Each structure stands twice: as structure tokens, then as C-alpha cells.
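Student: Required output: the full structure, derived from the provided sequences and hints.
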Amino acid sequence: MFVYAMVFGYLSTNFWVFRCNASLYSSEYYLSYCADQAFGSYEHGAIFLGTDEESIRNLKLADVLILGNSRAQMAFSTTAIQAFFDDRNIKHFNLTFNGEQDVFPRKIIEKYALSPRIIIINSDYFFYNSANSTAKKIMSETPMAKFEYTMKAWVQPLHKDICGGERRLFKNLLCGDQKTQYRSRKNGRITSPNWPNENIPVSYSDDYPENAFQELLNNARKFKKFASDRKICLVITVVPSPVATPLVGRKIAENLGTPFIQPDVEGLTGSDSGHLNPASAEIWTNAFLKEFEPVLQDCL
Numbered sequence: 002m003f004v005y006a007m008v009f010g011y012l013s014t015n016f017w018v019f020r021c022n023a024s025l026y027s028s029e030y031y032l033s034y035c036a037d038q039a040f041g042s043y044e045h046g047a048i049f050l051g052t053d054e055e056s057i058r059n060l061k062l063a064d065v066l067i068l069g070n071s072r073a074q075m076a077f078s079t080t081a082i083q084a085f086f087d088d089r090n091i092k093h094f095n096l097t098f099n100g101e102q103d104v105f106p107r108k109i110i111e112k113y114a115l116s117p118r119i120i121i122i123n124s125d126y127f128f129y130n131s132a133n134s135t136a137k138k139i140m141s142e143t144p145m146a147k148f149e150y151t152m153k154a155w156v157q158p159l160h161k162d163i164c165g166g167e168r169r170l171f172k173n174l175l176c177g178d179q180k181t182q183y184r185s186r187k188n189g190r191i192t193s194p195n196w197p198n199e200n201i202p203v204s205y206s207d208d209y210p211e212n213a214f215q216e217l218l219n220n221a222r223k224f225k226k227f228a229s230d231r232k233i234c235l236v237i238t239v240v241p242s243p244v245a246t247p248l249v250g251r252k253i254a255e256n257l258g259t260p261f262i263q264p265d266v267e268g269l270t271g272s273d274s275g276h277l278n279p280a281s282a283e284i285w286t287n288a289f290l291k292e293f294e295p296v297l298q299d300c301l
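Numbering (my numbering) for the sequence shown: 2 to 301.
In case anyone wonders, no lab produced these hints; they're calculated from the structure.
Please note: incorrect hints may appear among the correct ones.
With a straight-line cut-off of 20 Å between C-alpha atoms, the simulated SDA-like cross-links for lysine to any residue are [unchecked claim]:
#1 Lys112 <-> Lys226
#2 Lys112 <-> Ser229
#3 Lys252 <-> Pro210
#4 Lys137 <-> Leu159
#5 Lys108 <-> Ser229
Okay, the calculated beta carbon distance ranges per label pair [to be verified]:
#6 Asp299 <-> Lys61: 33 to 39 Å
#7 Asn173 <-> Arg251: 38 to 44 Å
#8 Gln179 <-> Ser229: 38 to 44 Å
#9 Gln38 <-> Ala114: 33 to 39 Å
All figures in this text were calculated on a predicted structure; none of them were measured in a lab.
From the three backbone atoms N, C-alpha and C, an ideal C-beta is built for every residue, glycine too.
Tutor: Put into C-alpha cells, the structure is as follows:
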């Protein structure tokens, strides 16, 4: 019964990784997310609980942090972003998380006493003064939460050896190819060996949440104070998505007196209607970086 519950994701601690794709493990990349409910997400715990120590070392060195949800995660995990900062000898870290808002990254900054010079924020569903259920569980730092994420870290070398190696008997018996993401310990970049790469048109929403705007602005002001107290420049953007409204990000930035960058790029496509595919992410971030460069110089 225990084995059945572990394999099929019915335990309160899920670390059965073997149905996830094992092809991209390396000294730089660890498995951060798998669509199999028996494993799920690891990235929140890897950072907040510090189970991936090299990621924490690089996070502490970062001059630029990128915050936001999975849409920002996909958009800013590009060769253009990495090359831009590497060419300028500036350390950056993509600190975005699937389904995440403002509380969790703020707690990470506090916990590790991070001191970036610049924070780039995708304001899409960010300033809600909240955290998702995964983050809440991890921030509780209960023994069960610590155990789960310690096991998620422990099992990955075994997964690499069995499912990424040549042990055919075990490989054929245990291993699968569920959608999987890997994350860079160097800069937080996301990559995937088997994520759908569709060409579904991606565009912004025109809906303006007038009733919610004042609350979003109040939360944004709190985050701005949090950043200003640490002498951090904020830059606000809105990654293309049918649930994201650029006007919200623009008005928040105007009220905060922070730079707002929204490159005008047409013809973008995504792996679904809400997440840019790798090719469109490269196009969009190249355009973003052209507008970001003078802001970077002002902040540094």
C-alpha cells in the first residue's frame, strides 16, 4: 500500500521521480518540476529550504533578480538574457516560480539577506500580497516539508543513474517521459527536454481590473518600500499573456516612479496561449533588453 501511494502520488510527501524525463541532468542543471503528481515541483524547496546549495551561492551573488510566475519563467529563460548579462560581467538570477506572487520571493530575499542592485518584476498576478499553496507549505518549514524536499533532492542522482544511464532492466521497468523542467544552478534559467513546443498565438488582454487596482497598487507600494530600504531599483514589465493587461503594469510603475518596459513585438507564439515558446521568448527578451540597457546603467 505504501509503495502504491508513493508511486501514484497519494502521499503527503511526493518524491517518486522515475516517470519524469531524466535526460538533462548535469553539474549545472537539476530537475525542478515534473508533471507527474507523484513528484510535482521541487524548485520552491530547492531555493527556500536551501537543499540546492550551489543555487543559493549564486543567488547571493546576483546583481539582478527576475521575479514573477511561470510566464516570466519561460520568457526570461533565454540565450539572449544569459548572453546580455555575461557580456557585461553582471550576475543575474531568474528567481521566478510557477504560480507565484510577491510574498515568497520577498521571504527568500529576507532569509538570505540578498542584495541585488536591480529587481525585474513581471507584474502579471504578482502584487497580491500572497503565496501559492506550495510556497505556504515550504515557508512553514515543518519537519514533513523539510523531509519531502530533502528526499526530492536525494532521489535525483538515483534517477539520473537509472533513467538517464544504461541500466536497461530498471530503465524499462521504472522510467517514463512525463513533461519535465530543469533549472540552472548558475542563474535559475529553465529548460526542458520534452515541453510542448506549439505555435499558438499569444497576445495581451484588454481587460482592466478596475475594482482590484487600488489593492494591487497598495501592495506594490509595500514592495517598493521593501526594495528601497535595501537600495534596490525596481523595473516593471508585463510578459505577453492573454490574462495579463499591460495597462495595470504601466499604471503601477507610474505611481511608484519606477521604469516600465513593454516592448512592442507582434506575431509571438506560445507552447500554450499563456506561455511564450522558446523562439518567441528569444524575440521578446531581445526587444526587452534593448529598452532595459539604459535603465541598467542608471541603476548600476
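Student: So which of those numbered hints doesn't the model satisfy?
Tutor: 4, 6, 7
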